[in-house]
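Undergrad: The primary structure of each chain is shown beneath.
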Amino acid sequence: MNSAVLPDEFNALMPFIAWALPTERERTIKRLASSMDELNGFYAAAMARLEAIVAFLDREPLEQMSDKNKPLMHLMLSLVEISNIVELYKRLDKFDGMHPSRFVSSE
Amino acid sequence: MKTIMTNKRWAEKYPALGTGPIETESCISPDYFERERELIFRRCWLNVGRVDEIPERGQYFVRELAVCRTSILVMRGKDSQIRAFHNVCSHRGNKLVPHERGACPGKLMCGFHFWTFDTEGKLSWVPDEENFFGLDKSKLGLTPVRIGIWEGFIFVNLDADGTQSLEDYLSGVATQLKGAPFGELARLRTYKVDERANWKVAIDAQNEVYHLPFQHRFTFPDAFILKDNKYTRLYDVNLYERHCVWSCEYNPDFKISPLGALLGQLDATKNAVRLNQMIGDFDFFLVFPNMVILLFKAPKADYMVTYNFWPLAVDHTIWEIRYYYPPADNTGTRLAQEYALCRLRDTLQEDAKAHEAIHAGLASRAKREIQLQDDEICIRFFHKVVEDHAGVAETLR
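Sequence lines, in order, name chains P and S. Following this note's numbering, the numbering of the first sequence begins with 1 at its first residue and continues without gaps. Following this note's numbering, the numbering of the second sequence begins with 1 at its first residue and continues without gaps.
FYI, nobody ran anything at the bench for these hints, they're computed from the structure. Source: prediction; values computed, not measured. Heads up, a few of these hints could be off.
Said to hold, decoys possible - 25 Å max Cα-Cα, derived SDA-like pairs, lysine to any residue:
no.: 1; chain 1: P; residue 1: K30; chain 2: S; residue 2: H216
no.: 2; chain 1: S; residue 1: K300; chain 2: S; residue 2: G264
no.: 3; chain 1: S; residue 1: K270; chain 2: P; residue 2: A52
no.: 4; chain 1: P; residue 1: K68; chain 2: S; residue 2: H211
no.: 5; chain 1: P; residue 1: K94; chain 2: S; residue 2: F133
no.: 6; chain 1: P; residue 1: K90; chain 2: P; residue 2: S34
no.: 7; chain 1: S; residue 1: K139; chain 2: S; residue 2: G106
no.: 8; chain 1: S; residue 1: K122; chain 2: S; residue 2: H211
no.: 9; chain 1: P; residue 1: K30; chain 2: S; residue 2: R322
As the list claims (entries may be wrong) - Listing some non-contacts, in silico: residues in chain P with all C-beta distances to chain S over 10 Å:
no.: 10; residue: N11
no.: 11; residue: P15
no.: 12; residue: S34
no.: 13; residue: S35
no.: 14; residue: P100
Cβ coordinates follow ideal geometry from the N, Cα and C atoms, glycine included.
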């Protein structure tokens, strides 16, 4: 299980902490295992706090982000990861490409 | 920038290419693939990496060039110079470096009998040397491979007798992109895709914009549409000996998604790298035979994606995709880069599915030729260049 925690200011996002994943590979796997309702729920909650989170994280230089703030960054990268489905395709079965697991990524 | 909508203007610019259909046997014939192996991949300059993969002395990476039936070791020596070698030990032919990358503290040791080479490829130590028969270590260094570096891209050439320099080989591409600040971009992600498709089928599927509003109707429905809000057209095409570039402009009325719009506002980068060598908003350089450099203009900073298509067999290709952005200096920029990356990644997954579907279609031999329209001229040109190297495929009766 993901044992990450979020800064107190963003405690309300703790139900979505499983999305705090450091690599694209992990974020994609989680996306593929999620229902449309789960994606929509995470998207709505994360979008509502995006601006505040960016302002919060930018209090320190990106290159020197402290470990305690990294889960928040990874959560926002997951918001980006799911946004195509939520904003463009709107359904899990609409995208018609090669299975994403075959796009083997390295960071 | 204003794209001219005149019909059939590229055939007019390059009349020697003709306008007829293109044969498909060259994409499915195992015999033809063997000709490509010898006459294209073992003769042409091939991009195998970038200098920023090995910034420190003693760092190296290995590329398995299956199509050339060799493994290549690219290493930055103690003298800072980058060299390429066949990754083969001088003793009994064992693979010297069995992993993908690393850094050596001054020597590379073969795992078989610990024959040891320095960072310049010279044989420096042989265990129990006294028991050999007049071994001349000075003549038993690693076998060098011709190497060239252009704008930070490392190329090798397996033709030991070849004399053409990389710069000369790249011709108009080198001229057009001279001085491009690629070194100011950093690799954000690499994808490797194992595809059941011929390498040319995969390249062809990328090498035009005609398909965008159709195949990518869900991912990029309107980004490049110009004519009557229905079709795309190219802004410019240039053919350079073996290589080519096409450029197009973005649709100014492109509808951006809510997250894309918000991240556009939050992207506060001060690292506004500009690729002033670009021709249009989106340039696609096909560097013959198997490399693509894609350049994108974006509001805050320009960026680059590269493709390398590595054939394993006539119907089997590894598609490597690398994304390069200016190093993010704030959270909004990092997220905006990820957004652009994911958006494009999904379109490439649509393309990759098509590569396999098209290859299967051609392999059925239901169609012996394909039809091309004027904006698909770079596909026509690419196949002509392949033919110039490997000859015309003999069609099976």
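Undergrad: Are the hints correct? Go through all of them and say.
TA: Hints, verified against the model:
no.: 1; hint: P:K30 with S:H216; result: holds (24 Å)
no.: 2; hint: S:K300 with S:G264; result: holds (8 Å)
no.: 3; hint: S:K270 with P:A52; result: holds (20 Å)
no.: 4; hint: P:K68 with S:H211; result: violated (45 Å)
no.: 5; hint: P:K94 with S:F133; result: violated (69 Å)
no.: 6; hint: P:K90 with P:S34; result: holds (13 Å)
no.: 7; hint: S:K139 with S:G106; result: holds (20 Å)
no.: 8; hint: S:K122 with S:H211; result: violated (51 Å)
no.: 9; hint: P:K30 with S:R322; result: holds (23 Å)
no.: 10; hint: N11; result: holds (19 Å)
no.: 11; hint: P15; result: holds (20 Å)
no.: 12; hint: S34; result: holds (15 Å)
no.: 13; hint: S35; result: holds (19 Å)
no.: 14; hint: P100; result: violated (6 Å)
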